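2 protein chains.
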Amino acid sequence: MTAWSKIMSLIQDYQQIILLLHEKPDGDCLGSALALGLYLQGEGFQPLIYHPEKINREFSFLPGQDLIKYYTKQVLPEKPVIAVDCAAENRLLYTLPQNVPIINIDHHQSNTFFGDYNLVEPEAAAAGEIIFRLLQNAQKSISAEIATCLYVAVATDTGYFRHSSTTAETFFIAGKLLNYGAAVDLIREHLFEKRPFKELKIIKIALDKLQFAQEKRIVWTALSYEDLAANGLLNIDTEKIISLLRSVAGVQVALVFKELEPRKIKVSLRGKQGYDVNLLAQHFNGGGHAQAAGCSLEGNLKESVNLVIKKTADLLEKL
Amino acid sequence: MTAWSKIMSLIQDYQQIILLLHEKPDGDCLGSALALGLYLQGEGFQPLIYHPEKINREFSFLPGQDLIKYYTKQVLPEKPVIAVDCAAENRLLYTLPQNVPIINIDHHQSNTFFGDYNLVEPEAAAAGEIIFRLLQNAQKSISAEIATCLYVAVATDTGYFRHSSTTAETFFIAGKLLNYGAAVDLIREHLFEKRPFKELKIIKIALDKLQFAQEKRIVWTALSYEDLAANGLLNIDTEKIISLLRSVAGVQVALVFKELEPRKIKVSLRGKQGYDVNLLAQHFNGGGHAQAAGCSLEGNLKESVNLVIKKTADLLEKL
Numbered sequence: 357m358t359a360w361s362k363i364m365s366l367i368q369d370y371q372q373i374i375l376l377l378h379e380k381p382d383g384d385c386l387g388s389a390l391a392l393g394l395y396l397q398g399e400g401f402q403p404l405i406y407h408p409e410k411i412n413r414e415f416s417f418l419p420g421q422d423l424i425k426y427y428t429k430q431v432l433p434e435k436p437v438i439a440v441d442c443a444a445e446n447r448l449l450y451t452l453p454q455n456v457p458i459i460n461i462d463h464h465q466s467n468t469f470f471g472d473y474n475l476v477e478p479e480a481a482a483a484g485e486i487i488f489r490l491l492q493n494a495q496k497s498i499s500a501e502i503a504t505c506l507y508v509a510v511a512t513d514t515g516y517f518r519h520s521s522t523t524a525e526t527f528f529i530a531g532k533l534l535n536y537g538a539a540v541d542l543i544r545e546h547l548f549e550k551r552p553f554k555e556l557k558i559i560k561i562a563l564d565k566l567q568f569a570q571e572k573r574i575v576w577t578a579l580s581y582e583d584l585a586a587n588g589l590l591n592i593d594t595e596k597i598i599s600l601l602r603s604v605a606g607v608q609v610a611l612v613f614k615e616l617e618p619r620k621i622k623v624s625l626r627g628k629q630g631y632d633v634n635l636l637a638q639h640f641n642g643g644g645h646a647q648a649a650g651c652s653l654e655g656n657l658k659e660s661v662n663l664v665i666k667k668t669a670d671l672l673e674k675l
Numbered sequence: 357m358t359a360w361s362k363i364m365s366l367i368q369d370y371q372q373i374i375l376l377l378h379e380k381p382d383g384d385c386l387g388s389a390l391a392l393g394l395y396l397q398g399e400g401f402q403p404l405i406y407h408p409e410k411i412n413r414e415f416s417f418l419p420g421q422d423l424i425k426y427y428t429k430q431v432l433p434e435k436p437v438i439a440v441d442c443a444a445e446n447r448l449l450y451t452l453p454q455n456v457p458i459i460n461i462d463h464h465q466s467n468t469f470f471g472d473y474n475l476v477e478p479e480a481a482a483a484g485e486i487i488f489r490l491l492q493n494a495q496k497s498i499s500a501e502i503a504t505c506l507y508v509a510v511a512t513d514t515g516y517f518r519h520s521s522t523t524a525e526t527f528f529i530a531g532k533l534l535n536y537g538a539a540v541d542l543i544r545e546h547l548f549e550k551r552p553f554k555e556l557k558i559i560k561i562a563l564d565k566l567q568f569a570q571e572k573r574i575v576w577t578a579l580s581y582e583d584l585a586a587n588g589l590l591n592i593d594t595e596k597i598i599s600l601l602r603s604v605a606g607v608q609v610a611l612v613f614k615e616l617e618p619r620k621i622k623v624s625l626r627g628k629q630g631y632d633v634n635l636l637a638q639h640f641n642g643g644g645h646a647q648a649a650g651c652s653l654e655g656n657l658k659e660s661v662n663l664v665i666k667k668t669a670d671l672l673e674k675l
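Taken in sequence, the protein lines are chains A and B. Just so you know, we're using this note's numbering here: the first sequence kicks off at 357 and counts up by one. Just so you know, we're using this note's numbering here: the second sequence kicks off at 357 and counts up by one.
Zero decoy hints are in this set.
A pair holds if it fits inside one copy or across any two, identical chains being indistinguishable in the list.
Taking lysine-lysine pairs in the DSSO-like style, the calculated list, with each CA pair at most 30 Å apart, reads:
| # | residue 1 | residue 2 |
| --- | --- | --- |
| 1 | K572 | K410 |
| 2 | K674 | K550 |
| 3 | K666 | K550 |
| 4 | K435 | K380 |
| 5 | K658 | K550 |
| 6 | K425 | K362 |
| 7 | K572 | K550 |
| 8 | K550 | K667 |
Quick caveat, the hints were computed from the structure, so don't treat them as lab data. Owing to the predicted nature of the structure, the values given are computational and were not obtained by experimental measurement.
So here's chain A without its partners, still in its complex pose:
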């Protein structure tokens, strides 16, 4: 039985299907869920992506936005659930219904297999890769809209084909998605050519505050609530900052601390090969991948920085 026919067997008696994202969905999570939703819609189902947060405006150009239902209640209706790119039940933002099939499609090593059916492939570079294979399994053609969503999923989660997770298969999938009509011009325009000017401002502030530790094996920067709020930078992406920091020769771990609310600090971690920042994040109840992870802390910014940098130094000493 193929993965697709297994999923169809679980949902065939239902019409409405709930698709779930993780908190602050990225391009892979959203692109994958939209692609699957559009596909299910084409198959006669009524899929809805339930989510309680505002979706990142950056992705508002993706097809299928009307599938997204803003839903703030904690408890979901009794309809089958397909969670996409969610490693664990506590990342779903809802309590799962009890008497319907739960399907778990993910590529995180740390997936907890919380579904009745778990399609978990840690070797996939993106959830989008799994969804692509799933839809190919179904042996129907992939529309240009679906291809656009999947291309964004695969391209963003591989850092545009730069991360070590990128395999030959990833490239073959990207090529096929272009042939299916993925709107790469639109994607390029929205993801790379319409960045807010404030992104440059936050890079400048971050570079002003840049610091090294452990003989420059660690590089970090910390943005206080005052810095961020005074400049209207609370919602500005810092992905470019951390990849700039990580790119420096000799650096093994790069960290960006952001005090998003007074005394609430989000930490982004990036490591080079051999430096598992997921372990580090887990120590602070966060998580992610070996080379890209995150965690949150409560308290004074300076103290939080000291705590995390100390732990990072300990980790590097053990290697």
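We have chain A already, so just place chain B on it with the hints.
Chain B only, in chain A's frame:
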């Protein structure tokens, strides 16, 4: 007759073959020439890449470096020449020999067909794509070393698969190169993880001096000789700066002015779709592609900036 057998027919009576690069060879030019050189070496030829300049250290990890012969004389010996990624004879840095076959392998729209045999494919995203097809033509296996060179060629010239030149075929080639053993970990390490710290310093200075013109349709920054020399930044790459500037929403043309010697100013230009900065560069005796070009000016930095910004504004007004 395939392209490969055509080339073989031209060079079969020779043992030594000269490969030529263009001035300041980029990843595509160098990767393509090294790949072809290694392949010809495997076929029993003695290929040498003649070049009068120091090769960018960034690419010193590429296999086949011993094929590069530092050669400052203007006139080449009478051996067959294969020029790679060179649009015109005046980009070759040498006078071509008269009585031997000249082969011209390139992907520039503006190629002048200066060879006895011209393998020019403007629709190819990189010269590396043409070399890949050429070697596949030869129906022998591609070594891991050759795959590494070709991967660098294709990845760098497409801005890591982001530029509009990237096609499905580009992705299929990248996937095949991974399967042939391209050392992507090594490539990632050298191209993205060993950047000089000074790259962050120059970004910071450039952002400090950022300015807009024409209702923010133009963004520019200017680095004086004093700024650059005082901080040891004269040889630091500014590619990241200009792509950061170009990424801002609403910006149509981005410019970076660098006074590399007192009163000698290099200008990098980037445009979005519909804004042909090549035309602009040509006005100042420079050139390049529609969305990425460059030119040089002599004189006072401030005056040069004013001159170029004025011309850029004129160009935008006409659109």
